[in-house]
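So the protein sequences, as listed, match chains A and B.
Heads up: the first sequence begins at 2 in the numbering used here, then just goes up one per residue.
Heads up: the second sequence begins at 2 in the numbering used here, then just goes up one per residue.
Worth flagging that the hints you see were computed from the coordinates, not collected in a lab.
Copies of one chain are not kept apart here, so a pair can be met inside one copy or by any two copies together.
Derived pair list, reagent style SDA-like, types lysine to any residue, alpha-carbon separation capped at 25 Å:
#	residue 1	residue 2
1	Lys-300	Ile-314
2	Lys-300	Asp-179
3	Lys-244	Arg-138
4	Lys-244	Ser-145
5	Lys-244	Pro-127
6	Lys-244	Pro-83
7	Lys-300	Gln-23
8	Lys-244	Tyr-144
9	Lys-115	Gly-143
10	Lys-115	Ser-145
11	Lys-244	Ala-190
12	Lys-115	Arg-138
13	Lys-115	Gly-141
14	Lys-244	Gly-143
15	Lys-244	Gly-141
16	Lys-244	Arg-142
All values reported here derive from a predicted model rather than from experimental measurement.
Number of protein chains: 2
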Amino acid sequence: MITLDDCRRADAEDPLAGLREQFSIPADLIYLDGNSLGALPARTPGRMDDIIRRQWGTDLIRSWNTHGWVDLPQRLGDRLAPLVGAGAGEVLVADSTSINLFKLLDLALQLRPKRRTILSDTGNFPTDLYMAQGLTRFLGRGYSLRLVEENELGEALSPDVAVIMVTQVNYRSGRLHDMARLTRLAHQAGALALWDLSHSAGVVPVDLGGCDADLAVGCGYKYLNGGPGAPAFLYVNQRHQGKGFPTLSGWFGHQTPFDFNLAYTPAPDIRRFLCGTPPILSLAGLEAGLELLSSVDMKLIRRKSMNQTDLFIHLVRQECPDCFQLISPENAAERGSQVSLGHPAGYAVVQALIAHQVIPDFRSPDIIRFGFAPLYTRHTDIWEAGQRLSAIMRSGEWERPEYQVRHSVT
Amino acid sequence: MITLDDCRRADAEDPLAGLREQFSIPADLIYLDGNSLGALPARTPGRMDDIIRRQWGTDLIRSWNTHGWVDLPQRLGDRLAPLVGAGAGEVLVADSTSINLFKLLDLALQLRPKRRTILSDTGNFPTDLYMAQGLTRFLGRGYSLRLVEENELGEALSPDVAVIMVTQVNYRSGRLHDMARLTRLAHQAGALALWDLSHSAGVVPVDLGGCDADLAVGCGYKYLNGGPGAPAFLYVNQRHQGKGFPTLSGWFGHQTPFDFNLAYTPAPDIRRFLCGTPPILSLAGLEAGLELLSSVDMKLIRRKSMNQTDLFIHLVRQECPDCFQLISPENAAERGSQVSLGHPAGYAVVQALIAHQVIPDFRSPDIIRFGFAPLYTRHTDIWEAGQRLSAIMRSGEWERPEYQVRHSVT
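Using the sequences plus the hints, can you model the full thing?
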């Protein structure tokens with residue numbers, strides 16, 4: 002039997018508890034959707050104001066040099082690198098996760114020119130699959146995306162697979178894939194491994210280098226707290242750099258963009274995966290989020306995250322027995338930082354929770370996702386979320402008609 | 002003989018003069034680089050602060066619905082449309098100019114499947130050429146980019162040309178292409194016309210609809226004043242919508258992105274040219290810039306722009322006779338809103354001007370560009386720029402060694 006006092010004690014003993022003050026979160030809100038949109042770091046508004054008023058407004062075009070705008074995508078990449086086990090020069094912040102997937106799938110197919118299959122799983126996030134569909138359709142000539150169940154990925158590594166594309170933490174179930182094992186299996190089959198870290202970077206310790214992963218992408222607006230639609234990142238293992246010819250060959254990826262040559266020559270380093278002019282305001286927002294993470298031990302984050310997902314599962318079972326199906330793995334070591342509950346009326350339950358100032362999100366057709374962000378989620382928040390969920394389920398409030406009306410996004 | 006009093010009088014009589022107060026421009030700066038990075042609208046910092054603190058910080062994930070984030074790319078497109086002669090639903094704000102070029106070249110080649118040539122000119126901006134190079138190289142099978150001199154575009158429209166890709170205002174010379182004529186010639190040859198409006202949108206009246214142009218892209222951070230690296234826009238003529246299959250098939254372009262289907266189905270409308278999650282903070286910056294333009298008559302902007310480029314040319318000839326070669330057309334009707342001067346030591350002259358608080362920019366190997374933004378450039382600024390340029394040239398100050406040191410960007 003877990004009590005509110007247990008949760009208070011856990012907060013009091015939490016070595017990361019002080020970090021919550023570094024965020025601006027409404028006092029009356031229990032925000033459990035940092036896996037979809039990370040909360041606002043307290044430093045961000047001031048930082049953005051400075052970038053806007055001083056760097057843009059006052060220094061204007063000169064800021065490309067004087068404030069280092071021109072190198073910002075690489076500088077942020079280098080700042081992000083330790084969070085994902087990458088080295089300097091292996092990570093770049095640019096564009097969206099979708100566009101970055103295209104860039105790296107394009108590279109992967111060039112690095113394995115005799116192979117025509119991209120292998121992924123039906124649990125992957127749709128945009129990953131869509132980008133692979135667009136790319137292979139465009140190429141024609143037998144290129145294709147093959148989808149299998151996520152537990153069949155290892156066996157499906159046939160000799161035609163150029164690259165395996167997996168999201169490390171499944172966006173629905175929260176299941177954590179074994180990066181080291183799948184990467185090793187891919188390499189044994191002569192394929193490359195491309196990891197999507199959107200639901201792991203910043204909350205799960207990731208060791209791209211230690212796993213010898215080839216390529217990776219990830220999202221800036223979830224656990225990196227970069228703001229809505231923040232720029233994404235990409236990783237190219239040092240051994241694959243300087244190879245291939247980027248199909249998205251924009252001027253910022255040119256060896257010497259300001260020579261304004263007529264012919265594209267890719268930069269020799271990670272910069273070749275830039276494309277258009279970098280979005281400075283959005284990058285500045287992400288920089289503020291990354292700074293917060295730089296000072297925190299990833300092991301402490303992971304330990305708190307595992308404790309919190311365990312706590313929530315226990316509370317749901319204790320307070321709402323038999324209400325939900327646990328979609329996430331039972332074992333915390335096999336989960337990312339979310340707990341997914343299945344319920345036939347999941348959408349309405351989410352609306353009822355939102356009406357009671359608890360914010361999870363919904364994933365069609367029947368999954369309620371609760372995300373736990375160790376930088377700002379308190380154990381008492383989790384207690385309170387369990388209480389309100391229980392009240393909604395016991396009273397039948399979730400059956401009210403107004404909770405059944407669908408919005409475009411939840 | 003033009004005098005300072007003439008310029009003062011022109012400011013006093015300028016119907017757009019009051020708009021300068023809508024911008025935050027340092028008092029001691031003569032900023033003639035709005036064609037590279039537009040100035041900061043006075044409303045932008047407050048707007049951004051609201052988006053950041055209230056929409057992101059307080060309303061968090063709910064803002065996708067409650068603040069209409071999910072439709073922001075289309076809403077901004079509809080707001081931008083009248084500036085370029087487009088209709089509702091024909092314009093979208095998304096990604097970068099480079100990425101948008103790829104999307105629309107991809108569409109053009111699908112709309113003309115038997116043709117394999119992209120035709121452009123050596124005066125086009127490099128990223129336009131680079132993106133076409135990347136695309137055609139990727140496609141192989143005889144696809145190629147053919148480059149001719151800009152005055153040879155009409156004759157070069159051979160039967161293999163699928164699309165002609167032209168930047169309406171040449172970034173070096175400021176020369177204004179005849180959109181109606183070139184589009185007509187392209188259509189007569191069975192080709193499509195794709196226009197890059199980066200140096201014209203917001204400062205030259207553009208009539209995509211009246212010219213029956215097929216496709217267009219443009220930049221948000223020049224005359225639209227959207228901030229450094231602001232999102233770009235794209236235009237697809239209504240008659241081409243719902244056709245083709247976007248190769249950059251990201252989830253926001255899906256017909257029903259929040260159904261999370263495994264297979265990509267493009268949205269039936271302009272949304273199919275979205276790709277990843279929209280960058281909300283950057284979009285908000287551009288929205289503030291667009292609002293400023295919405296209230297202004299484009300004809301007044303063009304008239305002032307032509308007067309100002311004429312004025313600058315006259316002043317340069319009057320104050321610095323025989324110093325420079327005029328790279329831009331003599332006739333204002335053939336120019337965009339910039340004046341380009343050739344000088345063998347152009348880079349050093351630009352550095353000397355910057356040291357004296359006059360900001361033009363430099364384009365390799367020998368071009369000094371002066372941009373005139375009718376929303377905030379005063380005639381007296383132009384007078385003063387002429388005076389300082391003249392002093393630098395007469396004193397030989399531009400020959401100082403410190404002005405010869407190259408930065409990465411100018």
